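Take the two lone chains and join them into the complex the hints point to.
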Amino acid sequence: MSGLLSDALLANIGRTSEPRRELVTRRDIRKYAVATGSRLPKYLNGDVAPPMFHVPLFWDVVELSELTPDGVSIDKLLPKFPLERAMAGGLEIEYLRPVHPGDWLTATRTLTNIYEKAGRSGPLIFYEVLMDIVNDEGELVIREKTTRILR
Amino acid sequence: MNPEPAVGVSLPERQHSPDNVQLMLYNAVLWNGHRIHFDLPYATEVEGYPGLVLAGPMLGDWLHQVVDEWLGDDGVITRVEYSNRGATYVGDTLTAGATITNYDEQSGELTLDVFIKNEAGDVVAPGVIGARLNR
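Protein chains in written order, with numbering that gives the first Met the number 0: chain A, 0 to 150; chain B, 0 to 134.
In isolation and in its complexed conformation, chain B is listed as follows (with noise of 0.2 Å):
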């Protein structure tokens, strides 16, 4: 595993800088037919959010793929919480990471603090993953 597990230690960031066309894709793998995500007009004018607003699980899924692609073949997520803080849009970059903060080497049972934030560098989607390396 690079970087090894270790208290403290941050995994690589990844950015995400979704279009309409991942965006309708998500959504469309959902079956979710909210307007706000698709529709320019009633996003902007009806509910005057200032673009087309990223899905909420979408964030989620990306705190997840930090934790699982650092810990490829050699571990298990085991469980998550997280929250969506603030509203997303088309046109932003976010990045997702995640820092490691208990480690039993032992049983291998992990746990990472996991973000997602926006330009600003206001955390959007906050969240604790809990992981299982194998033994």
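So here's chain A without its partners, still in its complex pose (with noise of 0.2 Å):
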């Protein structure tokens, strides 16, 4: 270990984000349906979200000057990392209930881990990210952990 991650770095584990609650529409599922070439009525009629419809709904909105030259929104619920190249990383998402046009759901993301790891050309920073997305019942509806690696 090169010790890259510092006791006030570690400290951002548990973080949470603002909860986030956003309307499900028949037009945002059919949008989304035909971008992804989806050939299932059900979807294409927006009679019921597919899966991965959250990332949609829950992909950060921010004004124009927010976003960094080359177009990207920053993640504020991240600290400032010493590595910052972004590889490729992973995602796991459970599908607990549908998500139906008229739903409301909430989104609460949390920085649930920060690691290091030797890669074969240098060290490597993992972090984990939780995103529990609840209903208005307060039923989980979604949980999705996406794990991202920076060189």
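Simulated from the structure, these hints should not be mistaken for laboratory data. Treat each hint with caution, since some may be false.
[As the list claims (entries may be wrong)] Quick look at which bits of chain A chain B covers, simulated, 3 or more residues with Cβ under 8 Å:
#1 28-41
#2 45-54
#3 123-132
[As the list claims (entries may be wrong)] Derived lysine-lysine pairs resembling DSSO-like cross-links, with alpha carbons at most 27 Å apart:
#4 B:K116 x A:K30
#5 A:K144 x A:K116
#6 A:K79 x A:K116
#7 B:K116 x A:K144
#8 A:K30 x A:K41
#9 A:K30 x A:K144
Note that the structure is predicted; figures quoted are calculated from it, not measured. Each residue gets a CB set at the ideal place from its N, CA and C atoms; glycine is no exception.
Here it is in structure tokens:
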């Protein structure tokens, strides 16, 4: 270990975002289904949301001045890491309840882990973000864990 | 269901050849302004990519579609894990597929290995999907 992770950086583990509440609409489901090349009428008609519809539903919407020059919004949940080049990460999603037009869903994101590993060409930093999505009854609808790697 | 569920059975594959329009619409739906997906001079000259980069989660969606089309109304996807291993570009033809690796006839629980391959046969997005058949 090269000890890239200071105590101050690790103290960010457990940080939680403000909950975001969004409305699921038939039109948004239809647009998502068309754009992904779906062939299933229930999605193309917007009767029910396909898996991964929560990705656009909770994509960050920020003002133009908050985008970087390459058009990316900065994830405010994350601290500044000593490595910045992002490598491919992974996603784990649990689908617990179906999502329909008219549903209000609330997502809360938590930075659940930061750790370091030795890579072939130097140290790597891994971090994990958990997103819990609940309905207005407080029932868990979708749980997503994202793992990202920085080099 | 066609084919009938059994360990070792592969589902019908599907090819995707997304063009600029599909990639633009997908990123518009996401509200994703990342230039590597629509600004060709930026993607090639500044970032050094050979073309416009396909959005990683779009490939993730295609992993689901292979299983979802097969399930139809007979079951639901309950979980997924996948990763994007390599960049893919407008002009690529990608193949999505799945193979059943576990099937519990009693509970209807299924596990499938899923993949997206490029034309060279490299797996650019491997994953595992869990599903449950209606009982």
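The hints, checked one at a time:
1. Coverage of the segment 28-41 of chain A by chain B holds. Counting CB-CB distances below 8 Å, 9 residues qualify, and the rule asks for three or more.
2. Under the rule that three or more residues need a Cβ within less than 8 Å of chain B, the assignment of the segment 45-54 of chain A holds, with 4 such residues.
3. Three residues within the 8 Å Cβ limit are the bar, and the segment 123-132 of chain A against chain B gives 0, so the coverage statement is violated.
4. Simply put, K116 (chain B) and K30 (chain A) have alpha-carbon atoms about 26 Å apart, close enough for the 27 Å limit, and the pair holds.
5. Note on K144 (chain A) and K116 (chain A): the hinted pairing holds, with a Cα-Cα distance of about 19 Å set against a maximum of 27 Å.
6. For a cut-off of 27 Å, the pair hint linking K79 (chain A) to K116 (chain A) stands: about 18 Å separates their Cα positions.
7. Proposed proximity of K116 (chain B) and K144 (chain A) is supported: the alpha carbons are some 24 Å apart, at most 27 Å.
8. Simply put, K30 (chain A) and K41 (chain A) have alpha-carbon atoms about 13 Å apart, close enough for the 27 Å limit, and the pair holds.
9. Taken as a hint, the K30 (chain A) and K144 (chain A) pair is honoured in the structure, with Cα atoms around 25 Å apart against an allowance of 27 Å.
In the structure shown, a violation is registered for the earlier hint numbered 3 alone.
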